[in-house]
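Below are the chains, spelled out letter by letter.
There are 2 protein chains.
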Amino acid sequence: MLMAEGRRRVQIEGISPEIDGGKFPVKRTTGEWLRVEVDMFCDGHDEISGVILYRKEDSTAWLEAPLFYLVNDRWYGNFTVTEMGRYVYTITAWVDHFLTWRKAMGKKIQAGQDVSVDLLIGAQLLEQASQRATGNDQSQLLIGAKTLRSIQKEDPYNIEQKVFSEHIAGLMNKYPDRNFATTYEKELPIVVDREKARFSAWYEMFPRSCGEPEKHGTFKDAIARLSYIAELGFDVLYLPPIHPIGYQFRKGKNNSTTAEETDVGVPWGIGSADGGHKAIHPDLGTMADFQEFVKKAAEYNIEIALDLAYQCSPDHPYVKEHPQWFKARPDGTIQYAENPPKKYQDIYPIDFETEDWENLWQELKSVVDFWIEQGVKIFRVDNPHTKSFYFWEWMIDEVKKKHPDVLFLAEAFTRPKMMYRLAKIGFSQSYTYFTWRNAKWELTQYFTELTTSPAYDIFRPNVWPNTPDILHEYLQHGGIPAFVIRYVLAATLAANYGIYGPAFEVCENRPLKPGSEEYLDSEKYQIRNWDLNSPYSIKNIIARVNGIRRTHSALQTNQNLKFHQINNEQIICYTKQTEDLKDIILVVVNLDPFNTQSGWIYLPLQTFGIDGSQAYQLHDLLNDEHYTWWGEYNYLELNPYHKPAHIFSIRK
Amino acid sequence: MLMAEGRRRVQIEGISPEIDGGKFPVKRTTGEWLRVEVDMFCDGHDEISGVILYRKEDSTAWLEAPLFYLVNDRWYGNFTVTEMGRYVYTITAWVDHFLTWRKAMGKKIQAGQDVSVDLLIGAQLLEQASQRATGNDQSQLLIGAKTLRSIQKEDPYNIEQKVFSEHIAGLMNKYPDRNFATTYEKELPIVVDREKARFSAWYEMFPRSCGEPEKHGTFKDAIARLSYIAELGFDVLYLPPIHPIGYQFRKGKNNSTTAEETDVGVPWGIGSADGGHKAIHPDLGTMADFQEFVKKAAEYNIEIALDLAYQCSPDHPYVKEHPQWFKARPDGTIQYAENPPKKYQDIYPIDFETEDWENLWQELKSVVDFWIEQGVKIFRVDNPHTKSFYFWEWMIDEVKKKHPDVLFLAEAFTRPKMMYRLAKIGFSQSYTYFTWRNAKWELTQYFTELTTSPAYDIFRPNVWPNTPDILHEYLQHGGIPAFVIRYVLAATLAANYGIYGPAFEVCENRPLKPGSEEYLDSEKYQIRNWDLNSPYSIKNIIARVNGIRRTHSALQTNQNLKFHQINNEQIICYTKQTEDLKDIILVVVNLDPFNTQSGWIYLPLQTFGIDGSQAYQLHDLLNDEHYTWWGEYNYLELNPYHKPAHIFSIRK
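Sequences listed follow chains A and B, in order.
Quick note on numbering: our numbering labels position 214 of the first sequence as 459, and the sequence is numbered without any gaps.
Quick note on numbering: our numbering labels position 427 of the second sequence as 672, and the sequence is numbered without any gaps.
Rather than coming from a laboratory, the hints here were simulated on the basis of the structure.
All figures in this text were calculated on a predicted structure; none of them were measured in a lab.
Be aware that one or more of the hints could be misleading.
Any copy, or any two copies together, can satisfy a pair, since identical chains are not distinguished.
Simulated pairs of lysine-lysine, DSS-like, Cα-Cα distance not exceeding 30 Å [to be verified]: (1) Lys407 - Lys588; (2) Lys540 - Lys646; (3) Lys268 - Lys301; (4) Lys769 - Lys496; (5) Lys391 - Lys588; (6) Lys588 - Lys348; (7) Lys587 - Lys348; (8) Lys431 - Lys268; (9) Lys431 - Lys301; (10) Lys662 - Lys587; (11) Lys685 - Lys662; (12) Lys353 - Lys758.
From just these sequences and the hints, can you work out the full model?
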């Protein structure tokens, strides 16, 4: 075994982050920094030094970031990633004989010991370093060595001045002897996405509901809707599948198993004689219409996200062309989706255990490639946890090699370890349990988990107060305040969030039946015509909050979330702040949609750089009101009908 | 990337134990079991099955242990290692189509659905399994398939009987379809030592103090001492270095820097004209005497452990023969040991950064090989943390490849991460902070850490109430009760422990000076003649406790340690029990050596399999007294002078 270089002495372990032993990458976006911590030590009492090494994966040149001592043999350092794509990082560290010598000299001089030989040792160290230096640095080191050699029995003050020259120490730090450095045995990966992976506001909309009443909307209608969405302040517009919809076993309104002639079907029942995953539903328009829609959206700074739902209606062309991609039953029929005893006969799941899996994988990937060519760079992936994890890992990696700006949002509402695994294997953003986390303790616990390592390093939450599948009972019963409360929470707890509109902003709250989370007259099964100017619409609040998010960078990341104490279980209170403390946002939300709640909030002012003995200003950006607070404890009161939340900007 | 086998579907992660990503082995002893936990899941709703695969590293045949579902996608299993040497283990898991089918059938039958096609699917699964089976199993599976095929519209009860045959389920479990199994990508190592690595009682003794008063003792004298040590019940006798001692800068009595002509020197100042690490101090005898001593000890079931102190006196032959192994100073002298401003001019540390490191490593290893040839299988390594970690890793591994029964005890009292790292790189046992952990909360916290994963998997504590370097103030001031208390704690908290005797058992408590942990008239610098029959000797208690340890296997491991509540901070209370609950030991110790302490102890009787409504018997093995307790709360009182501790055997 390791007869490699026996003179290495530093031990390196306990690197964080290191996802599953370095198997999976850490996630960051361009401009974000990564804090690395590591345990390092060497035998004996010598001093050590070390740096983080990092580089773009396709570059051979390492960059370096210094490591600083923390506590208990733990060190830390930071570096910033600037380009999209894959980076790697590792640690290298060495015994620092100069630092060791310098420290020992201090003790020896203080003890009044004869240091004449030690001065010569120091001079040797400087001379050796000079051989690694060039130009002026080299001369300076040689002069330093000469100085040490020339010191005879002087008084301690003079010796100390010469021995402890900060200038020389700086040069010695610049030219360390790394001959016997230990480099950690793994290069740990990072995937760097564009900023939108970290900060985005999504709006989900059925384009077929954008037309005239009772008429099937088109991309042309959807173009007309863009200005409205832009006014609300969203920057990602996500469409349920836009492909032809199957006819066999088509579902009717409100999930009826018998469809009327006029029923439009479920967009997720993909595929008919008109085509499959690379085709557009004829009633929506043509490919050219779609391209025009994408282009117009871009003019509003809105990106289009498509739904990637790898499943087929019985009428999908794949069923005839590639029957081997589906599971055959002994009676010759194809296995439809089921979750016994429930049957979904309108859906054929793809059989990832097919012998023809290599062609299947290539075809599925070609769907993504196809839409990338049409200008789509964001995919919301339907139920990825019901398809092969190995497929996703391969496909996402292949796509991102060519298109590092492509993003995938995992729509998986499943068990926690599966959620995190999907993130680890490559999904850029992930749906969360937010929709079902309504109490203060739940929100605090869950968002603390999501915004700290290791979750922060792999999993980017995209939180939704509603989806076409989920109308939570909190929204069903809480009236307009419930919508505002859940909206403010989503938009300020997480840098990525979304709503399913217009159902959300017009406060649609009628469930299919009591106890159900399904919408009544759900758009999944029928066209809906929404009154965008409904008196119940909270669009103005949405527009305002999206504006606040855009102008306050504190709200554009999750790493900075801190919850604070308030003596009322119905009020939640948290801050987000930039590193430089120039932008500090304090959010206070009354979680009770029915009653006024009040309490004394405690703020650790020191962590905001605020002098507790001075007054400080709060500007409520949501309600455009100004407050002056003083000290760490302050009282507040929130009436859900008039003011369910504050979004304060704290000014010193 | 992984276009390997795209039909695999199970994801495997979060294996525990997995030391530093599998870089270092888990430690076990022959006959011990290893519990493995792992997160496993697959896409969708299918059922999965998996097993632990394990084997001796030099065998190609995997053994298997079943995995059982725990909670939250976590599974667990156990297996026992039986032979010394290196093992590896990993996990393999697969989608279990039979279990999936069986579960779905239950739901479908309950819902009264038509299952005629499902019965055919089941028959196919049985037929496929029959191809993997042979003999009777094969026929049984074919018969089972036939039965399923023959079921027509029967009444549900009959169907259920046939579908859910436990016999068939057992056969299907025996012949699973593992074609698309996922096997975890790493094989994780285990080092299996002999039992003594886990369970041992050490006695440290200076053989030169075994002779007539004021005379230098010999191995012959040490042979005469063996019966005494055997009576006390120790099974490892550890000797400080037995090599020739240097003369230059030799230390005198009580660490005086000027030695008298008659001063015998420090055994750790190794090497003189008489030889180095492979020689025996002439005053102790000859190599033949040593071999005789080792042989005689074995007759008492006592193994000899030698001290491995890789450092040299200025008179060591290495200094002349291999000056390149030491650091030269610019004035031509050799660098002595120092911890500025302290100087240790009697010791030359070895320079592990020498260019000649490969020869150095081989020579150092040859020292171990040499003593192995003389019959020594246990080495107590002096200050391993001041020598190259890479050297230890290489050396221990090389030695154990040939001699898996050799054990190394790390005498490192240093920072926690370095202590654990030494264990990870190969040390079989380790000194601990026990000596400085005297309060109940300290002992509880520290031993909980040491006896649970991950520490348990890598670090085998060997706890010492005293050493020649450490006479803790608790022993200095607490009188005989302090010695008994610390002794009982050491011998029952840890399966491996040791004392430095006879200083310990005769309750030597005089420090060099107030505030010092050094012994007055320390044997490190002079010969001591101990009165083994001192009226203060606690040898009878020691003999009794060692006897209890030998007959109660609950005390022979650390994995089973549990602390219990008692409403007195001066009384500590813990149990150790065997897996089968046949041996339950309850230890209660009064930590106050001055005052009687009492309290109500709480025992979770259920975990011992004791019916709380019945009386149960306690036999105090230490004091040979019998008690009857009833219920979970019981009162006790401990007078430190008469009875500072109980070691109860609980009998149901």
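To see whether the hints hold, each was checked on the structure:
no., hint, in the structure
1, Lys407 - Lys588, "between (84 Å within a copy, 24 Å between copies)"
2, Lys540 - Lys646, "within (25 Å within a copy, 68 Å between copies)"
3, Lys268 - Lys301, "both (17 Å within a copy, 26 Å between copies)"
4, Lys769 - Lys496, "within (9 Å within a copy, 90 Å between copies)"
5, Lys391 - Lys588, "between (87 Å within a copy, 27 Å between copies)"
6, Lys588 - Lys348, "between (75 Å within a copy, 15 Å between copies)"
7, Lys587 - Lys348, "between (74 Å within a copy, 13 Å between copies)"
8, Lys431 - Lys268, "both (10 Å within a copy, 11 Å between copies)"
9, Lys431 - Lys301, "both (15 Å within a copy, 27 Å between copies)"
10, Lys662 - Lys587, "within (25 Å within a copy, 55 Å between copies)"
11, Lys685 - Lys662, "within (23 Å within a copy, 38 Å between copies)"
12, Lys353 - Lys758, "between (83 Å within a copy, 26 Å between copies)"
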